[in-house]
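Chains as they are written, first to last, in numbering that gives the first Met the number 0: chain F, 0 to 119; chain S, 0 to 295.
Just so you know, these hints were derived from the structure itself, not from any lab. Do not rely on the hints blindly, as some may be mistaken.
[Claimed, not checked] Chain S side only, calculated, beta carbon under 10 Å to chain F, not exhaustive: (1) Lys63; (2) Thr181; (3) Asp185; (4) Ala186; (5) Leu187; (6) Asp218; (7) Pro219; (8) Gly221; (9) Gln246; (10) Leu252; (11) Leu281.
[What the hints assert, rightly or not] In silico DSBU-like cross-links for lysine-lysine, where the CA-CA straight-line distance does not exceed 30 Å: (12) F:Lys89 to S:Lys135; (13) F:Lys89 to S:Lys134; (14) S:Lys135 to S:Lys270; (15) S:Lys171 to S:Lys135; (16) F:Lys89 to S:Lys250; (17) S:Lys63 to S:Lys171; (18) S:Lys134 to S:Lys171; (19) S:Lys260 to S:Lys135; (20) S:Lys63 to S:Lys97.
The beta-carbon is built from N, C-alpha and C at its ideal position, and this holds for glycine as well.
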Amino acid sequence: MVRESTLMWIQYITGLGILVLGALHFASLTFLVQGGYPNALSYANVVYDRYEDPLWAAALEAFLALLSYHVFNGFRVLLLELNQGSGWTKAVNVTMALAAIAAFLYGTRTILVFHLGGAI
Amino acid sequence: MAASEQKQLEFKVPNLEGVEKPIKNVIFRVSRFDPDRDREPYYRDYEVPVYRFTTVLDGLLYIKYNLDPTLAVRYSCRMGVCGSCAMIVNGRERLACKTNVLSLNSNIVTVRPINNLPLIRDLVTDLRPFFEKHKKVMPYIIRDDIEAHQDREFLQSPAELNEYMMLTDCIKCGLCYSACPTTATDALFLGPQALAQAYRYTIDSRDAGAALRFDVVDDPHGVWRCHFAGACSAACPKGVDPAFAIQQLKKLLLYKRNAMKSRKPAPESEKVREGTSVEEVLKSMPKEWPSPPAPK
């Protein structure tokens, strides 16, 4: 059984990581694309030029991992405050853990497809 | 003296006639609820003469002794020490005995029981969930040698005392518990009072019970559910800052868990305490303290 303080410590660390990697992610979609702002959010520029690069793909994967934890742990906290009971707690913990894993795996698949030059 | 000869207690409201004239009459809008008759609480208005120094508690007692003896209100010391008369006055958590009616600047004083606790009757709530949580955090000095050294004091410097001094002013009135938004939604949340006391005893240099308290507060419904709204500190009538203590408790758990667990408690004084020994006091104590019957 993981201690609540450990879960919350990771929550704070992932929050800080999201701040950094999220900023990098939005920059990569806008002014860091080739050609600057005029080409911002261009599918080809962002997907092919940026996420074929392994470093950018790794950064996006890390961002996804942080988000998957932070979002679903935050949601778990909200649900535990809204309702109480051992059955509810167990159900929320398991559901949120599975949802985080599912979101992470689905996102990873998308990043891998882009990285390998495919299209969604 | 036989029971039949026992004098009945007399409650008298001070007769202020000739001392001072009432400044104005104020409407007391009081929440009423009789569990045997009412399905839900309702408000009833009473007109109360207000003097320069009339407190909300004085107003409620005026109602009880002059207008409606069925009004249930809990109070004891009448001077902001016991915490019994905690209630919500004009929408804010206050001690009725410390709230001057004129200071409210209103011709209508709305009084209702505190939030987040079961209602027994009128302005009286069942404080048992609140005290259960207080007991859960073990609000006393824990150390292995406490039984062996009953005749000496444990040494503590003024600086060590200052670390928790502010938190010793807690009178357990329940106002912070009533104001807490997390307690309103999470019935298992320990609440600001219990968490602040957990910090108060953990940080005490004489204590060695950090590991035991950490197990209680480091829980899905423990210290981490505090969102630092600060309503508890704003509500406290004694200037205690539970919100601060809770954030400090989080810091202890994150950064000093092992250090606090292995901390050696303060040594004992070499001087033997004078006067009645603790053994003698313990011998004269009843084995079981009488307690009033639980409310139905």
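Evaluated hints:
1. Lys63: Check failed: Cβ of lysine 63 of chain S comes no nearer than 37 Å to chain F, outside 10 Å.
2. Thr181: holds, 7 Å
3. Asp185: OK, holds: aspartate 185 of chain S within 10 Å of chain F, min 5 Å.
4. Ala186: holds, 6 Å
5. Leu187: holds, 5 Å
6. Asp218: For aspartate 218 of chain S, the interface hint holds, since the closest Cβ of chain F sits about 6 Å away, which is under 10 Å.
7. Pro219: holds, 6 Å
8. Gly221: holds, 6 Å
9. Gln246: Cβ of glutamine 246 of chain S sits 13 Å from chain F, so the hint is violated.
10. Leu252: holds, 5 Å
11. Leu281: violated, 38 Å
12. F:Lys89 to S:Lys135: Since the Cα atoms of lysine 89 of chain F and lysine 135 of chain S sit roughly 23 Å apart, the hinted pair holds (cutoff 30 Å).
13. F:Lys89 to S:Lys134: holds, 26 Å
14. S:Lys135 to S:Lys270: violated, 33 Å
15. S:Lys171 to S:Lys135: holds, 14 Å
16. F:Lys89 to S:Lys250: holds, 27 Å
17. S:Lys63 to S:Lys171: holds, 25 Å
18. S:Lys134 to S:Lys171: holds, 12 Å
19. S:Lys260 to S:Lys135: holds, 18 Å
20. S:Lys63 to S:Lys97: Roughly 19 Å between the alpha carbons, so the hint for lysine 63 of chain S and lysine 97 of chain S holds.
Hint check: violations occur at hints 1, 9, 11 and 14; the rest are consistent with the structure.
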